[in-house]
Amino acid sequence: MSTGQWGMVALVSILSGLDRTALAQTLVSRPLVCACAAGYVLGIFMPALQIGIMIELLWLMRLPVGATIAPDDTQAAIGAVILVKLFLPQLTEHFYAMIVFIVVAVVVLAEVGKCWDVWARHLNERLFSRAIKGLERSSIRSLVVNHYAGLAVFSCSALLSLLFIVAGGGAALWFGMKYMPTLVALFPVHEQWLLAVFPFVGIASILVVLQVKHTVTLFVSGFYVTYMLLEVL
Amino acid sequence: MDKNPQGDLTKWQLVRLSLRCLFLQSSWNYRQFQGLGWSVTLLPSLTLLYGKKRVAQVLRGHLKYFNTNTFFAPAVAAATLSLEAEKSRGEQVTIEPSSYPDVVMAPVAAVGDALFWGGLRPLFSVLAVGLAVYGHWWAPVLMLALFNIPAGIFRVAGVWLGYHHGASVVLLIQRWKLADIAVALKRCTVVVAGGLCAALVHQTQLDLVWSVVSGAIALIVLFLTVIFLRKGVPLTVVLIGLIVSVTAVDKLLL
Numbered sequence: 001m002s003t004g005q006w007g008m009v010a011l012v013s014i015l016s017g018l019d020r021t022a023l024a025q026t027l028v029s030r031p032l033v034c035a036c037a038a039g040y041v042l043g044i045f046m047p048a049l050q051i052g053i054m055i056e057l058l059w060l061m062r063l064p065v066g067a068t069i070a071p072d073d074t075q076a077a078i079g080a081v082i083l084v085k086l087f088l089p090q091l092t093e094h095f096y097a098m099i100v101f102i103v104v105a106v107v108v109l110a111e112v113g114k115c116w117d118v119w120a121r122h123l124n125e126r127l128f129s130r131a132i133k134g135l136e137r138s139s140i141r142s143l144v145v146n147h148y149a150g151l152a153v154f155s156c157s158a159l160l161s162l163l164f165i166v167a168g169g170g171a172a173l174w175f176g177m178k179y180m181p182t183l184v185a186l187f188p189v190h191e192q193w194l195l196a197v198f199p200f201v202g203i204a205s206i207l208v209v210l211q212v213k214h215t216v217t218l219f220v221s222g223f224y225v226t227y228m229l230l231e232v233l
Numbered sequence: 001m002d003k004n005p006q007g008d009l010t011k012w013q014l015v016r017l018s019l020r021c022l023f024l025q026s027s028w029n030y031r032q033f034q035g036l037g038w039s040v041t042l043l044p045s046l047t048l049l050y051g052k053k054r055v056a057q058v059l060r061g062h063l064k065y066f067n068t069n070t071f072f073a074p075a076v077a078a079a080t081l082s083l084e085a086e087k088s089r090g091e092q093v094t095i096e097p098s099s100y101p102d103v104v105m106a107p108v109a110a111v112g113d114a115l116f117w118g119g120l121r122p123l124f125s126v127l128a129v130g131l132a133v134y135g136h137w138w139a140p141v142l143m144l145a146l147f148n149i150p151a152g153i154f155r156v157a158g159v160w161l162g163y164h165h166g167a168s169v170v171l172l173i174q175r176w177k178l179a180d181i182a183v184a185l186k187r188c189t190v191v192v193a194g195g196l197c198a199a200l201v202h203q204t205q206l207d208l209v210w211s212v213v214s215g216a217i218a219l220i221v222l223f224l225t226v227i228f229l230r231k232g233v234p235l236t237v238v239l240i241g242l243i244v245s246v247t248a249v250d251k252l253l254l
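Chains as they are written, first to last, in the working numbering: chain A, 1 to 233; chain B, 1 to 254.
One should not assume that every hint holds.
[What the hints assert, rightly or not] For lysine to any residue, the following SDA-like pairs were computed, each having C-alpha atoms within a straight-line distance of at most 25 angstroms:
#1 B:K64 x A:S138
#2 A:K133 x B:S168
#3 A:K114 x B:K53
#4 A:K85 x A:K178
#5 B:K52 x B:A106
#6 B:K251 x A:K85
#7 B:K53 x B:A106
#8 B:K87 x B:S168
#9 B:K231 x A:E111
#10 B:K64 x A:K85
#11 B:K177 x A:K133
Just so you know, the hints here were simulated from the structure itself, not pulled from any lab data.
Since the structure is predicted, the reported quantities are computational estimates derived from the model, not experimental observations.
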């Protein structure tokens with residue numbers, strides 16, 4: 001990866017990281033979107049789209065409300081795209097198996113990666129205290145400066161989370177690469193089945209949270225109507 | 001910035017208020033949640049209404065715990081400023097402007113979160129994944145557009161309605177029956193999720209008999225996964241378990 005590509009990926013990471021909480025919340029932070037953006041920058045759009053599909057639904061129903069912090073699926077998706085780009089020369093032989101391995105690794109790391117978000121929010125408490133002190137001195141400027149300083153804190157949190165995921169995932173991949181041929185020989189991977197497992201679990205996690213009447217009827221109807229349409233078409 | 005002698009905000013100032021609301025959570029913290037962002041959002045308009053000398057004193061009333069839905073925040077901010085404008089003109093106000101957000105933030109957050117985070121986001125997300133599964137590169141762009149059009153309308157129209165209806169804007173929001181719309185969207189999400197599940201199974205491109213059998217198996221496995229997740233098994237454990245099961249079945253039976 002060139003320096004320019006690293007710079008562009010860092011920009012994507014910061015912008016999508018800010019979109020999670022600090023700025024606008026336009027869904028740029030959703031894995032499907034930010035993975036594609038990172039993939040476009042790195043010239044691997046289709047694998048990035050695949051990674052986006054795999055991660056998008058997993059924590060969709062962990063709503064960004066109040067003090068709730070969902071696992072950092074934004075940086076996990078970008079991290080997975082970076083790892084695919086970094087290890088691309090070694091991936092050709094077992095491409096889909098490695099993508100599955102990478103996504104599992106970043107999914108585990110995303111759970112830990114949310115610590116950076118917690119850290120940023122605690123750091124912002126200091127900014128708030130400073131703003132209060134400033135207002136006691138009737139300094140309006142201190143209020144504004146400390147508020148917008150929060151953007152810098154959230155940006156750092158996004159970058160640290162990405163760094164953590166790329167470093168952790170890279171180490172796991174470097175270690176796991178040696179055992180991959182043995183694993184694939186033992187369990188020959190039917191790619192489309194394995195790739196479908198991720199959105200499949202995502203759908204299950206959505207159904208767990210969506211408490212609506214007649215869920216089973218609606219779901220099964222949607223399933224069979226689409227299935228028949230796909231068979232006909 | 002000098003005090004506005006008419007004690008009124010112009011269209012342009014309302015648009016700027018709406019833009020400042022995009023930064024409402026920039027300093028989100030565990031002590032006051034959106035409190036600091038809330039006071040900074042109101043600051044330029046309050047300076048216009050009260051003048052530089054009095055604004056610090058007025059702001060002290062607003063710098064406290066605040067937490068609401070970000071898409072409905074512009075309406076609440078504009079309604080608060082409408083009350084502040086009335087107060088700055090010396091008119092009688094129905095509720096203290098600094099107390100108004102305390103009263104409305106929770107119900108507005110409940111409606112907004114249900115509509116945007118519980119209704120629109122899952123629906124468009126599942127739809128986009130369904131399209132992306134078939135390799136449509138524009139699926140993420142569609143998701144962004146579908147979500148941000150209503151979000152943008154609420155952000156811009158919210159400021160306008162909030163300022164002109166004042167404190168009664170919450171009654172207007174209540175009349176729109178957004179909670180019912182959110183429930184309808186959730187039902188649509190369940191149907192679309194069923195469709196996505198069918199698309200995932202159909203992609204395996206097996207022959208007709210196997211295709212029907214795998215469809216039935218997929219539904220059974222899905223409902224078992226739902227049961228596991230409901231029992232509190234961590235998502236990562238379920239995910240890894242399912243991957244191992246699929247590879248084992250693939251190796252042993254197919």
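Tell me if the straight-line CA distance from K114 of chain A to K53 of chain B falls inside 25 angstroms. Violated, at about 42 angstroms.
For a C-alpha distance cap of 25 angstroms, please report whether K87 of chain B and S168 of chain B respect it. Given that 25 angstroms is the threshold and the Cα spacing comes to 16 angstroms, the pair holds.
Measure nothing beyond the straight line between the CA atoms of K53 of chain B and A106 of chain B; if it is 25 angstroms or shorter, mark the hint as holding. Answer violated: K53 of chain B to A106 of chain B is near 32 angstroms, above 25 angstroms.
Given hint K133 of chain A paired with K177 of chain B - CA-CA distance at most 25 angstroms: Distance of about 43 angstroms is beyond 25 angstroms: violated.
Between K133 of chain A and S168 of chain B, is the straight-line Cα distance small enough, at 25 angstroms or below? Measuring from Cα to Cα gives roughly 35 angstroms; hence the hint is violated.
Hint consistency between K64 of chain B and K85 of chain A [alpha-carbon to alpha-carbon, up to 25 angstroms]: violated (46 angstroms)
Does the structure keep K64 of chain B and S138 of chain A at a Cα separation of 25 angstroms or less? holds (16 angstroms)
Hinted pair, alpha-carbon criterion (25 angstroms max): K251 of chain B, K85 of chain A. Please report holds or violated. Violated. K251 of chain B to K85 of chain A sits at ~30 angstroms, over the 25 angstroms cutoff.
Between K85 of chain A and K178 of chain A, is the straight-line Cα distance small enough, at 25 angstroms or below? Holds. K85 of chain A to K178 of chain A sits at ~18 angstroms (cutoff 25 angstroms).
Decide if the proposed pair is consistent with the structure: K52 of chain B and A106 of chain B, CA atoms, cutoff 25 angstroms inclusive. violated (31 angstroms)
Does E111 of chain A sit within 25 angstroms of K231 of chain B, going by the straight-line distance between their CA atoms? At roughly 19 angstroms apart (the allowed maximum being 25 angstroms), E111 of chain A and K231 of chain B satisfy the hint.
Checked against the numbered hints given earlier, the structure breaks hints 2, 3, 5, 6, 7, 10, 11 and satisfies all the rest.
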